[in-house]
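Engineer: Put chain V on the given structure of chain Z with help from the hints.
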Amino acid sequence: MHSLIAAPILVPLVAAAVTAMLWRQPGLQRVIGLAAAALLLVVAVALLVETASGRILVAQMGNWAAPFGITLAIDLFSAIMLVITGLMALAVAIYACGPGAAERDRAGFQPLFHSLILGVCGSFCTGDLFNLYVWFEVMLIASFGLLVLDRTDEQLDGGVRYVVLNLIGTTVFLLAVGLLYGLTGTLSLADLARVAPTVENQAALGAVGMLLLVAFGAKAAVFPLFNWLPAAYHTASMPVAAIFAALLTKVGVYAIIRVFTLIFAHDMAVFGPILAVVAAATMITGVFGAAMHYDIRKILSFHIISQIGYMLIGVALMTPLALAGSVLYIVHHIIVKANLFLIAGAMRAEAGSFALKRIGGLWVAAPALGLLFLVPALSLAGIPPLSGFWGKLVVIRAGLEAEAYLLAGIALAVGLLTLYSMIKIWNEAFWKAAPAPAPAAPWTRREQVATYAPIVVLAGLTLTIGVWTEPFAALSLTAAHGLLDRTAYIEAVLGAASLQLAAPLLSDGGTL
Amino acid sequence: MLALPILGVGIAAVLASLARPRIASVVGVIAALAALTVYLTQVSSVAEGLIPTAAFGAVPALGIAGGLRLDGLSLVFVLLITGIGALILLFAEGYLADDPKRKRLVAMLLVFMLAMLGAVTADDVIVLFVFWELTSLTSFLLVGYKHEREASRRAALQALLVTGGGGLVLLAGLILLTMAAGTTSLSGIIAAQSAVLADPLASVAMVLIILGCFTKSAQVPFHFWLPNAMAAPTPVSAYLHSATMVKLGVYLLARLNPLYQEEALWQALLSYGGIATALTGVCLAFRETDLKRVLAYTTVTALGTLVMLIGIAPDLSITAAMTFLVVHAFYKAALFMIAGAIDHAAGTRDASQLRGLGQVMPVTALAAGLAAFSMAGLPPFVGFVAKELIYEAKLEMGSAATGLIVAGFLVNAATVAIAVVLSWRLFAGRQLVAPSGAASPPHDPPLSMMVGPVVLACLGLMAGTLPTVLGAVLIDPAVTAVLGRPADVTLKLWHGFNAVLALSAATVAVGIVLYLLWERLVPRLKAVSLLDRFGPSVGYEHWLAATLRLATRTTTTIQHGSLTGYVRTLVLVMAVACLGMLILRGGVAWPQGGASLDARAGLGGLMLIGLGGTVLARTALQAVLAMGLVGFTTALVFLMFGAPDVAFTQFVVETLLVVILTTALMRLPIQGRDGRSRQQKLGDAGVALLCGVAVAAVLAAVLASPFDPRLSVWFGAESLPAAHGRNVVNVILVDFRALDTLGEITVLAIAAFAVVALLRSNRPADPAAPSPQGPLA
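Heads up: the protein sequence lines correspond to chains Z and V, in order.
Each residue of the first sequence is one higher than the one before, starting from 1 at the first, in our numbering.
Each residue of the second sequence is one higher than the one before, starting from 1 at the first, in our numbering.
For reference, chain Z alone in the conformation it holds in the complex (with noise of 0.2 Å):
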């Protein structure tokens, strides 16, 4: 047992725990929050050179074997997401330290927002399905407050909507977790994944399949189940909306690969035409509904949903090129996404709003800021040589190879709208002139350096990514090979004496 793997859940959950103890304490809080969130990024880096090599990290809670106890498993593929997840934290943590940091703390949002980051470490650590189940509560739960921070009568609409759709998914989910132990009598993901092949009513379990696809969907906020979060996220602060539009999706898009790529990868002659065309149609009404609103955040809140599309496409393909690609966009996405989120904060302590019709004039007022705006919008684009750009040229590839054809035009069709919507803010933001002065920012010198040094950290790691592409691109590789190499994983978890036992079933079941 390695000894950092369970520390990606004990750094957040004490950091939860302590912040909720001191909160009469909102400064104290704020140190403990930022330290806490600069510590999961170096246990997450660890995590990932150890597992660079393709090496799989695995902890038996309790000391409980698999199948019988819960079992920790890190891959490549957790620990890149690992450390998008802790790189997200800090910066988010850190520019929460921005305009209204003190309103913010005091209506309690450091344990919350840590709460939030527990949920989605223990997603990306956990390899047990019933204990994947746990986490994305602690996520849900964790959400719905941040999501009404500010007690606003518009989040509070927000977050019902937000919570009764997302309560129906989490059911869902557990609804398919029992169904799926009542047909392979075990939990583990690594058990799941030697004995699904061998399920005898396999229409059952891709019945299983189908509502784990839902309420993962929904998580994913995949077309047609993504009416929640245009629902909600436009109402949440901005350093909220940045951290869930970083990670909540991708926790949702993370579980079906997992799953996918674990329990159902002998079954991929069924779902991959499924997972296509819902990655199609994510992609397009995502994108439509980015096109049609003149809201910032309305606009970026569409944005994630189209670029979830893409990420799908990778498990659709299920070849180590396409799942390359899903994992280097999610990187590239996750970064890109926040960071238009940040922005947009700044946009709006700059110009005064959100909505593009009154505002204006800032490539003449902050051109850093347009400069640094422009560096995630065209790379959401897919421009190069912006980080975007590769992860669309990876699923692209793939999707060409795999005479995808269609999935493949529309992923390019997709793009030119993408940047439509990004010009869009840029010609009504920046270039247009202002239609009123704007409102002097009243912000002191500390919060500027909140609100910016996080923008420019992620700027430039998008801009490494796109031009420095070989270190990124060939972990992505390594994390595909090592998610499509099932028999890895269960020798791994189970240890080899399992793997006597799976062999002959992999062998037969194997479209790997």
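There could be a bad hint or two in this list.
Claimed, not checked - A short, non-exhaustive set of chain V residues, derived as facing chain Z with CB atoms under 10 Å:
no. : residue
1   : Pro60
2   : Arg104
3   : Leu157
4   : Gly165
5   : Gly167
6   : Val169
7   : Ala551
8   : Gln679
9   : Ala697
10  : Trp714
11  : Asp740
12  : Leu748
13  : Val755
For the record, the hints were derived by calculation from the structure and aren't laboratory data.
These numbers were taken from a predicted model, which means no experiment stands behind them.
We put the beta carbon where it would ideally sit given N, CA and C, even for glycine.
Structural biologist: Leaving out everything else, chain V in the frame of chain Z:
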């Protein structure tokens, strides 16, 4: 070595954006000249066939080979890019002297230069594409330089969407090409010609690439963005939209010519597409009097001619294409700068208002005359050399090219007429019309604005008088690159008295006639509104509007705003998805055997009563109570099937739930009225029923297969010896699966915290008042 100019120009861009405006321009000019010098040192080795290469931008993990390569074709382009770039940057300093923001323009021009240099020296299709898109992007930023004007923003967006859309099509083509060739290296792809052409998707890839190039190089029907891009400041128009960027499409077509030159489709698309573009360009040029728009349309014509020449492939035409490429860059950049100088001096660019400027702007007039002679293709200018070659190439094709010759003749004659307009009409004679809007009387512009046009015009003359030098140094290596082998053509000024010369003479004659008709033709052509109503520009607007309408309709249908509707969608999708999967794959199964029904089955009846009560309840309170019955019955089921502890937990939970919900409902002002119509109610009942059926069907199928009790057997066996607990459920909760319990406790704690935070006063905290109680108060 080859990466040096690219990096240098990039660094210069950063420096320029930080420096003061005047310094920024100096930095820019120096960077461009330095890059030019670096490339000039390579001229002799390239002419000898020694082609420099360098490693650049490889991404081995993605199979991207990367690399830079400077062959004859690339060399022509880099010299034009850096040389004209230096002149343009100098010109911009004078042209925008009053603009405090101009260092942004300088920095962006340098980034553009970097992108162009990268694009034309890349030896890898992906690297090329990266730089290609970067040129579109910088073009967008430069077209929108005067961004407070809505027309500029629209033009910038249009240029970006057309070239960006074309870029995506190109990318698809390039990826297909890469897959067929097994490498991303350009020279590798060309070397793998047989494999590429044998690929079943070879012609698809080719057409996609051609489309991409056509958008970039403003070929029909994508030409409309180019005149609109004239919203950019004149230095930008001169540099990007005549001399360099728009030729990138031509560059890529020429670059891939060795691969495709024998393909009939390639030849047909390029030659007919090119000549159609050339004709369209001159026709539209005759509808304009704005100097920049006139020049833009003649640029469209020139680009069409270039594409056509690549399409007709043999030695002569490629030589003609390469020569004309250089010629056009010289005279067109010069003429653009002159148009800028006139605008600067006279306050207008309207050719119908401008006459006799030669008296007050003698140097400008001289440069304009020289450039226009080259444009008209008159000896001894290099334009003449190029035009002769073009005619010769077409004549060599024989009768097949009759159409091309006739069309080309008209294009050339019209070009002559426009050249006369741009020189004679503007500058000769006395000043007939006093241009309005000028602060001071027109005068020659400052030196910085004069250097560019004069140098370029003189180069045109020099190259014309020494065509063999031009040929040996630049054109021949370029032609070798485009053909994939050397061509046996020598550039000459004088070809003797032959059919070509006769054609040239006739061209000039017809051109002068057209010029004499110019004043009458322009208003008539302007009046043809058909062109405005059905042009591709209108098509673009319609496409954009239709897409946005579709987007709005789709979004408002899906994201309609009703929570009930969202829930309905979610539940319906879930039911249909799992039921569909189960039925379509024949998985419906019913548990066989088992115990016969006994008295405990009565619990099912109790549940049904509770269910019926919930459905038929008129108020929320009744529904809660009826739901409670279902919950209590569930607890009874647990009790009777051997799980008393779970049953008691369920009893407690259910009791609390009913009590709390009842209390809350009695305090809340909820009206129990259901606003749904009968139809909606029936629909919702159907959805609910379907969901129930789906879950029941999957559950039945699951129960029908044998259960593997490994886990429960193990828990039962190990609970006492290994975990020291007699109650298995408790041991599972606190030991075997303690992490789940920890998570659930956390959920409860967070929920409590969130609820308390929510229930706090909705009024913003008054920072002045001491608030002894925290959020939990």
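Engineer: Taking the hints in turn, state whether each one holds.
Structural biologist: Now the hints, each set against the structure:
1. Pro60: Holds - the Cβ of Pro60 (chain V) comes within 10 Å of chain Z, reaching about 7 Å at its closest.
2. Arg104: 8 Å, holds
3. Leu157: 6 Å, holds
4. Gly165: Cβ of Gly165 (chain V) sits 5 Å from chain Z, so the hint holds.
5. Gly167: 9 Å, holds
6. Val169: 8 Å, holds
7. Ala551: With Cβ-Cβ at 4 Å, under 10 Å, it holds.
8. Gln679: It is violated, given that the least Cβ distance between Gln679 (chain V) and chain Z is near 22 Å, above 10 Å.
9. Ala697: 8 Å, holds
10. Trp714: The hint holds - Trp714 (chain V) has a Cβ within 10 Å of chain Z, the shortest such distance being about 5 Å.
11. Asp740: At 5 Å from the nearest chain Z Cβ, Asp740 (chain V) passes the 10 Å test, so the hint holds.
12. Leu748: Holds, because the Cβ-Cβ distance from Leu748 (chain V) to chain Z comes to roughly 9 Å (cut-off 10 Å).
13. Val755: 8 Å, holds
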